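Asker: Each chain, letter by letter, is given below.
Number of protein chains: 2
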Amino acid sequence: MMSSTEPSLVECVGTHVDVDRLSRDVERTGTFGAVDGEGHGRTALTADDANAAAREYLVDRLEAADCSVRIDAVGNVVGRWVPPSADPEAAAVASGSHLDSVVQGGIFDGPLGVYAALEGVRAMQDAVDEGVSFERPLEVVSFTEEEGHRFSDGLLGSSVAVGHTSVAEALALTDADGVSLEDALEEAGFRGEGRFDAAEWNDWLELHVEQGRTLERAGMPVGIVTSIAGTARCRVDIEGEANHAGTTAMDERADALVAAADVVRAVERVATDVAGPNGRAVGTVGCLDIDPGAVNVVPGRSMLKLDLRDPDADGVERLVDGVETALERVESERPVTTTLERTHDAPPIPMQDGCRSVIADAADVLDVETMPVHSGAGHDTMRVGTCTDVGMLFVPSRDGVSHSPREWTDWADCARGTRVLAGGLATLAGGIDQ
Amino acid sequence: MMSSTEPSLVECVGTHVDVDRLSRDVERTGTFGAVDGEGHGRTALTADDANAAAREYLVDRLEAADCSVRIDAVGNVVGRWVPPSADPEAAAVASGSHLDSVVQGGIFDGPLGVYAALEGVRAMQDAVDEGVSFERPLEVVSFTEEEGHRFSDGLLGSSVAVGHTSVAEALALTDADGVSLEDALEEAGFRGEGRFDAAEWNDWLELHVEQGRTLERAGMPVGIVTSIAGTARCRVDIEGEANHAGTTAMDERADALVAAADVVRAVERVATDVAGPNGRAVGTVGCLDIDPGAVNVVPGRSMLKLDLRDPDADGVERLVDGVETALERVESERPVTTTLERTHDAPPIPMQDGCRSVIADAADVLDVETMPVHSGAGHDTMRVGTCTDVGMLFVPSRDGVSHSPREWTDWADCARGTRVLAGGLATLAGGIDQ
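Going line by line, the protein sequences match chains Z and C.
This note's numbering puts the first residue of the first sequence at 1, with every later residue one more than the last.
This note's numbering puts the first residue of the second sequence at 435, with every later residue one more than the last.
There may be inaccurate statements among the hints.
Just so you have them, the derived chain C footprint on chain Z, three or more residues with Cβ under 8 Å [said to hold, decoys possible]:
id: 1; segment: 229-240
id: 2; segment: 256-268
id: 3; segment: 296-303
id: 4; segment: 373-381
Cβ-Cβ distance ranges computed for the label pairs, FRET-style [stated by the list, open to error]:
id: 5; chain 1: Z; residue 1: Asp177; chain 2: C; residue 2: Arg763; range: 40 to 48 Å
id: 6; chain 1: C; residue 1: Glu490; chain 2: Z; residue 2: Thr272; range: 57 to 65 Å
id: 7; chain 1: C; residue 1: Glu621; chain 2: Z; residue 2: Asp273; range: 54 to 62 Å
id: 8; chain 1: C; residue 1: Ala468; chain 2: Z; residue 2: Ala34; range: 40 to 48 Å
id: 9; chain 1: Z; residue 1: Asp251; chain 2: C; residue 2: Asp500; range: 44 to 52 Å
id: 10; chain 1: Z; residue 1: Asp273; chain 2: C; residue 2: Asp779; range: 39 to 47 Å
id: 11; chain 1: C; residue 1: Arg669; chain 2: Z; residue 2: Arg24; range: 40 to 48 Å
id: 12; chain 1: C; residue 1: Glu673; chain 2: Z; residue 2: Asp410; range: 21 to 29 Å
id: 13; chain 1: C; residue 1: Glu673; chain 2: Z; residue 2: Met303; range: 19 to 27 Å
id: 14; chain 1: C; residue 1: Asp611; chain 2: Z; residue 2: Pro372; range: 50 to 58 Å
id: 15; chain 1: Z; residue 1: Asp251; chain 2: C; residue 2: Glu461; range: 31 to 39 Å
Examples of chain Z residues toward chain C, derived with CB under 7 Å [what the hints assert, rightly or not]:
id: 16; residue: Val103
id: 17; residue: Gly192
id: 18; residue: Asn202
id: 19; residue: Gln211
id: 20; residue: His244
id: 21; residue: Met250
It is worth saying that the hints were derived from the structure and are not from the lab.
None of these values were measured; they are calculated from a predicted model.
No residue lacks a Cβ here, since even glycine has one placed at the ideal position from N, Cα and C.
Hey, can you work out the whole structure from these sequences and the hints?
Answerer: As structure tokens, this is what we get:
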């Protein structure tokens, strides 16, 4: 549900977006788990010390902005602001992102979306002081473990919020050291109660860095996401036979690494084929472990983790099929056995026209140029989009780089994106310029 | 230098080889660092608790056999027995192997050669009681870190004993945790003084498990080694660019793992080409690490460790050249840079006719069948062979397996090999059957 855009309302809220307030929060979040070296890197994995500090800082900032803060059983954080004139029983308009990072990630991926949402709320509060009123409560959200670098394959908190994953399943997940999410959240002080239900939100908007080059190449400050790629993740295990590197003749080997090399190249070939000249299919082997991993031993086992994406569900299946065919071929050509396990599936999500036009209208009013963009990256919005209306905005990534200390977005672009986000939230909250 | 084989001397010494005495020592050594599970596995890395216990046990057994024990600066252990009639100033006849293992290795690889040498000495001592006399001292040797699984690329103690590596270089080597060999040996109580000089030995014999299938297939109990393959080890680093697995199009990637897959397959192809139908060239990528190693990140860096072997020095160079050509090709086809560093070189070693015929003659006298074999595996004998006359014997490996808890050699074959070794040592020590 949404109201029509009120030009003067959007202008009023947009004017109150304060890039200094926003950048202070994002930069401060970047100090938790900051990594040495060039750029602005941070490592803040779910519920580790850096992530706990980032969460505590968020709680402080939400409370400073008159938001009531709740934590759910899987550590999702929600700060709720009920505008003076709003109906507290009305379905809220929600916005946010995540505070966790990849190992040696950047400071924008996640925190920008959380603090842009909070900045939107603060701008709306400033607008209230000027006589604007809103009908719906606003909720600023930080989802647990979007990146999936400690306990899961990612989108963990939002998967729980839409009922895709149960609270019990999520809490029982363990990290590489065998620590459960439940124990880690307890330790960090962020094991709350209950489960936030994304279906209760009226609308959801997320601002995020693009993590690609489309906006930068087009010289556009803001992208309006049309679709988010579907993702299939697979684990491939290859079993050969470990043996002595000096005494085992080339034709007597069952080398699990050579077979893995065949698979790595097959993933590249299959993704290139499915993408064709204009497609957006991608296929990546991001993890490869071999056993025993000694210079003078023929590898006996290898384990690969694959990430396969396409804007269409059909394309995702073609990628998985192509990999399965490649594995059959490897088994027929080499004395190894292979197994493929699909560990994670997120279907492609088209963005609703409603939220897209609210964002586009707000950008028009604020005189911010936009363009439609596809998201190759997965986002919590994919999960939220399975149970409510969603929209998503991108701001440019310098050189297209993300998941790296080199990740950077100019603050002027962050400000433009946040103004559009705030205008969109104000519209969706049913603002009336009195 | 050697004497002609005296049939009755060899028979007398061979008769006194006691397989129970031998198996007790080898099996006891296998208890230090024993790994759970099927087979007979052990992990005893240089100067760790298991290796220290194995060393202490060896010192006890040497002393129990009237050997005077010395430890040199890099932890090589020598037990010296001067037969009653021998000239203590005469150049010794030496034999032995190593006590360290690979991770989850077997109990025969190394310890069999050390204790077969000691059993040979004990058999000669028994023969002395029957009136046999010998001209030369005998030395039973355990070299430090043959396998190279903690501080080095292997053959460490023997490299120091032949002057290929200095004591200072060796002691300064560090393990993955930054512990130096010097500190580890001090801690284990095996940091001795001085440097054993292999050039002072008159001859050297080593008994080892084959680690291949040649003897088993031929149904032969003992192999007489004709040559040991030369080995080149290389480290290859590939630098691409880490990026987001969802947002980086296939044709915009600089994927360091896909480039590494090209290299892995090139190593296989080059080794197969150099080997041809009857050659013994082998090429292995035993280690492959990628960075950052996350499922949703295109790998930005990869590091491979290569092991290239051939019986001829020329063959080794053809292997390295082939890999270098493949790297150039990878660089021309993909936006990555590659570097190759040669980290370890051990030239092929042909076995001297002298020691080979001493072993063959002893086997004839003892009615043990033998066949000539090539060693694809490297051994300390490669190093010792650079400065004195050397010979090497193999006993069969069940299914050709080694570097595994499944490594196994029947005790009857161990006994046959040890009898031939003892007969050879007795001959080389100038035994006279009085």
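Asker: Hints first: check each against the structure and report whether it holds.
Answerer: Comparing the hints with the structure gives:
| no. | hint | verdict |
| --- | --- | --- |
| 1 | 229-240 | holds (count 3) |
| 2 | 256-268 | holds (count 8) |
| 3 | 296-303 | holds (count 4) |
| 4 | 373-381 | holds (count 4) |
| 5 | Z/Asp177 to C/Arg763: 40 to 48 Å | 41 Å, holds |
| 6 | C/Glu490 to Z/Thr272: 57 to 65 Å | 60 Å, holds |
| 7 | C/Glu621 to Z/Asp273: 54 to 62 Å | 57 Å, holds |
| 8 | C/Ala468 to Z/Ala34: 40 to 48 Å | 46 Å, holds |
| 9 | Z/Asp251 to C/Asp500: 44 to 52 Å | 50 Å, holds |
| 10 | Z/Asp273 to C/Asp779: 39 to 47 Å | 43 Å, holds |
| 11 | C/Arg669 to Z/Arg24: 40 to 48 Å | 46 Å, holds |
| 12 | C/Glu673 to Z/Asp410: 21 to 29 Å | 28 Å, holds |
| 13 | C/Glu673 to Z/Met303: 19 to 27 Å | 24 Å, holds |
| 14 | C/Asp611 to Z/Pro372: 50 to 58 Å | 53 Å, holds |
| 15 | Z/Asp251 to C/Glu461: 31 to 39 Å | 35 Å, holds |
| 16 | Val103 | 6 Å, holds |
| 17 | Gly192 | 27 Å, violated |
| 18 | Asn202 | 28 Å, violated |
| 19 | Gln211 | 4 Å, holds |
| 20 | His244 | 5 Å, holds |
| 21 | Met250 | 5 Å, holds |
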